[in-house]
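Heads up: the sequence lines are chains A and B, in that order. So the mapping is simple: my numbering equals the position in the first sequence, first residue as 1, plus 99. So the mapping is simple: my numbering equals the position in the second sequence, first residue as 1, plus 4.
Derived from the structure by calculation, the hints contain no laboratory data.
Listed next, the stretches of chain B that the computed footprint assigns to chain A, with coverage defined by at least 3 CB atoms under 8 Å from CB atoms of chain A:
{"hint": "1", "segment": "5 to 19"}
{"hint": "2", "segment": "280 to 286"}
Footprint (simulated), chain B over chain A, 3 or more residues, beta carbon under 8 Å:
{"hint": "3", "segment": "175 to 183"}
{"hint": "4", "segment": "348 to 356"}
{"hint": "5", "segment": "366 to 374"}
{"hint": "6", "segment": "395 to 409"}
{"hint": "7", "segment": "460 to 466"}
Which residues of chain A face chain B? A few of them, derived with a C-beta cut under 7 Å, are:
{"hint": "8", "residue": "Asn137"}
{"hint": "9", "residue": "Phe138"}
{"hint": "10", "residue": "Trp187"}
{"hint": "11", "residue": "Pro381"}
{"hint": "12", "residue": "Phe384"}
Every residue gets a Cβ at the ideal spot worked out from N, C-alpha and C, and that includes glycine.
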Amino acid sequence: MAHFTKATSVHDWLDQRLAIDTLRRVLAKEYWIPKNINFLWAMGMVLAFTFGILLVSGIFLLMYYQPNVNLAFDSVNYTIMREVEFGWLWRHVHAVAASVVFLIIYIHMLTGIYYGSYKKGREMIWISGMLLFVAFSAEAFSGYMLPWGQMSYWAGMVITNLFSLGSLEFNGLVEWIRGDYVPGQAFLDRFFMLHVLLIPLAILALIGLHFGALRIPHVNNQDGEEIDFEEEAAKYKAGRKRESKVIAFANDFLSKDMFVVSIFLLFFFYLVFWHYGFAMDPINFDPADGLKTPPHIYPEWYFLWSYEILRPFPKDPGLIAFGFAQVIFFLLPFLDKSPNAVPASRRGIFFWWFWALVIDMIVLTAMGKLPPQGIYSTIGLVAAVAFIGLWIALPFITKMEKKV
Amino acid sequence: MKELKILAIVVFFTLVTYWLVEPFAHSQMHKHVESEGFTYKDLPALTKKGDAARGQELVMGAGACVGCHSIEAAGMPAAMDPVTNSASYGVNPPDLSNVGALYDAKFLAALIKNPAHALKVEHKFTPESGKMHPMPGFYGAGGDIDQEVADMVAYLQSIAPKVDEITPAQAFETACGRCHAVRYEKWTQIGEKPSFKKKRDELVFETKLEDYKANLTNYMGKLPPDLSMYIRSRGEHYLSTFMENPQNLLPGTAMPRVGVNAEGAEKVIEYLEDAGDPKRAERDSVGVKVMIYLLVFAAAAYLWKKEIWKDLH
Ligand code: HEM
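Make a model of the complete structure from these sequences and hints.
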């Protein structure tokens, strides 16, 4: 058994039992981050913060929400929005955070792609990140079902229909997922369970994995410079902080993160109070009605690009293209054949590949919302084909890349 | 400097995406109708100056208005209850106390002469359909019909309170309440739903309401929707242009052009805001406080960062 002495202070008492000093050293004081990074490296912290906001606001909403097809709409729009003190605030915070988190996720992902932070030992960071993306997508979709408005119902209908897998006609699978022939009470109940319990648990575990995956390779830096962390840490600890290429997670990196978080919060709360419309679709303020199909059914903005990869093709090829879009980002570390983990600006054709991907995904996003008619469906088709083409070209482009 | 450049790129692409999926996409998906300021240009202007005293005689007499409508302001209660009225007319004719203030004068004159035309529901009452609008047109009481109509309008205006004395709820009741429920304000088509002590009284009320809704559905072809959340699902611009002329946005719809003036429309919108967005004032005031707090927080965060980084650079 370990040897315990009479504690000299509360701190000492805790340290003997929980080794808090060691924890603090390992997780904060001597967790080394390159000095040469810009604010894009604070996006991970912004994401962790936004997830915290979602968790807290969600817990407040959960105290009044009723997962029942007859009560859900009014429990949200009447009870929470009108009756409960500051209920409207929690709802707006939750809805806006759910939308903004995807903006930050996309910035965070594109940062990773631009700086090549998914290879040379960072593959697991990338893969755990993609798992987080999938988990967040499922979380957002299941949450969208809960107010039981027109868009909840019809988006639920359309998305679950995809599981019939086109001409394979797996209608039994669709019914199994819905628990009924059409979305109803069983459907709402299970999506409620997923949204408030199972998926948040998975997200918490995945965040743990993501952070763990960062530990050994450390984060990349904006010049793709390979840093000898031990040597640089020794300089830092010897007091030669200015000269050292690394900084400590706390408080060096943290103080910069908190400044970025504070700017983000200004932007975020501006949206919450004055510009929330983009995150709360007007059509979802009409109660669900299985007999009245809305004229335009579209997903939230962050799913539009993959929706548009599904839409312009005939049924079966569309599903295959959609499946391709869902998994292809996972494979990025293995499709990129170049040994260079440096910013795209120093990687020749890859630089153009990166910006073509960004622009193509924005075009897909726009076309995914527009009605699929005339010129819009043509542009959508071209952009969808271009998306697939870009990914097929990636191994060839990167193979030809010269080592820098 | 480099960080600002990166920030500018991020902001640029974010704004482009936002513009494409919000303002641009919505402009392509929904027909945009401009308001004409509730001027009802298609209706002829009033040429005669009305005399309220003679108007009163017509409204109570030859015009027969009080045969169907109550005018509480003139001490004329309803002859029949809403459900019985709906059995005869399909809908409960509104009380006329406030119409002089809430409705456009040209519209009232046109309505008295030819209701289906002013209400823009002639497509429902064609000769082939064999149906007549439940409110008959006025064919004159022997004199100059334009003068008589102007007199009646003048009378209705003379008994009405000033617009600002009319509450949003009263405006809604007169203009929309006979067809639309607003359950978040406890409004039903047969009046505000009281809180009942006895289950039986509640059931009696519910039964009456169901009868009324059945008659209304029969008259309109469908039950007009509950408008509780319409301020969020349709927005102010849509509601206001829809009220001005429903046919512009839903061609062939059974909903009549109601004929409110600009002030009347504003009251109705205010009522719908109170129903579906009652916390808008609180949102602004809390918002300002949160922003001030966050500015202080950002300043503190900035100073902390500077303090720590002065040893690092
Ligand atoms: C949604 C929840 C997520 C959270 C809370 C999160 C959090 C973090 C944090 C705190 C960091 C370290 C600081 C930084 O570089 O920003 C990080 C790094 C990283 N994340 Fe995430 N992340 C999330 C999602 C994702 C996703 C969806 C991806 C992409 C597939 C991803 C890929 C990466 C990569 C590649 C790095 C390493 C960056 C580098 O080495 O420079 N993360 N993440």
